[in-house]
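Going by the UniProt record's numbering, the letters in the sequence shown line up with residues 1 to 118, in that order.
If you're looking for bench data, these hints aren't it; they were derived computationally from the structure. Even glycine gets a Cβ: it sits at the ideal position worked out from N, Cα and C. Take the hints with a grain of salt, since some may be wrong.
Claimed, not checked - With a straight-line cut-off of 30 Å between C-alpha atoms, the simulated DSBU-like cross-links for lysine-lysine are:
#, residue 1, residue 2
1, Lys-98, Lys-72
2, Lys-98, Lys-19
3, Lys-72, Lys-108
4, Lys-72, Lys-116
As the list claims (entries may be wrong) - Label pairs and their computed distance ranges (CB to CB):
#, residue 1, residue 2, range
5, Gly-102, Ala-24, 38 to 46 Å
6, Gln-70, Lys-108, 33 to 41 Å
7, Asn-33, Ser-111, 40 to 48 Å
8, Val-112, Gln-6, 45 to 53 Å
9, Gly-9, Leu-105, 51 to 59 Å
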Amino acid sequence: MLAQVQQDGASIVVGPLLKNNVEALMKSNTPLNVLALNQPETVRSFPNICYFALSPEDEARDAAHHIYDQGKQSPLLLIPRSALGDRVANAFTQEWQKLGGGIVLQQKFGSVAELKMA
Numbered sequence: 001m002l003a004q005v006q007q008d009g010a011s012i013v014v015g016p017l018l019k020n021n022v023e024a025l026m027k028s029n030t031p032l033n034v035l036a037l038n039q040p041e042t043v044r045s046f047p048n049i050c051y052f053a054l055s056p057e058d059e060a061r062d063a064a065h066h067i068y069d070q071g072k073q074s075p076l077l078l079i080p081r082s083a084l085g086d087r088v089a090n091a092f093t094q095e096w097q098k099l100g101g102g103i104v105l106q107q108k109f110g111s112v113a114e115l116k117m118a
């Protein structure tokens, strides 16, 4: 498909979405500029490929790295009281502790009004 896209004159590709297709794309050595809508398990740097992770867990892990790299020591997570909030908090906490950080405080909320009252 990449050969056809290039033959049609495209210089940039947005996609793929599925991780296994992103991994196949990395192995293809395409000269096209790519904005992949996911990232593989092991991210390798290519000058023409950018990864745009759609996973909230990936964003939480990136946030943990960013905050840790700034020398912060006591993060407080404000998260929705939901399965998604739990997933994000777990991903952040695991990454934070893997980096050598300590306790991660959490404050859950159910609505904006509840958050304002806290």
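Against the structure, the hints come out as follows:
1. Lys-98 to Lys-72: 15 Å, holds
2. Lys-98 to Lys-19: 24 Å, holds
3. Lys-72 to Lys-108: OK: Lys-72 and Lys-108 at ~21 Å, within 30 Å.
4. Lys-72 to Lys-116: 25 Å, holds
5. Gly-102 to Ala-24: 38 to 46 Å: For Ala-24 against Gly-102, whose Cβ atoms are near 40 Å apart, the range 38 to 46 Å holds.
6. Gln-70 to Lys-108: 33 to 41 Å: Violated - the Cβ-Cβ distance for Gln-70 and Lys-108, about 24 Å, lies outside 33 to 41 Å.
7. Asn-33 to Ser-111: 40 to 48 Å: With a Cβ separation near 42 Å, Asn-33 and Ser-111 satisfy 40 to 48 Å, so the hint holds.
8. Val-112 to Gln-6: 45 to 53 Å: 48 Å, holds
9. Gly-9 to Leu-105: 51 to 59 Å: 53 Å, holds
The earlier numbered hint that this structure contradicts is number 6, and it is the only one.
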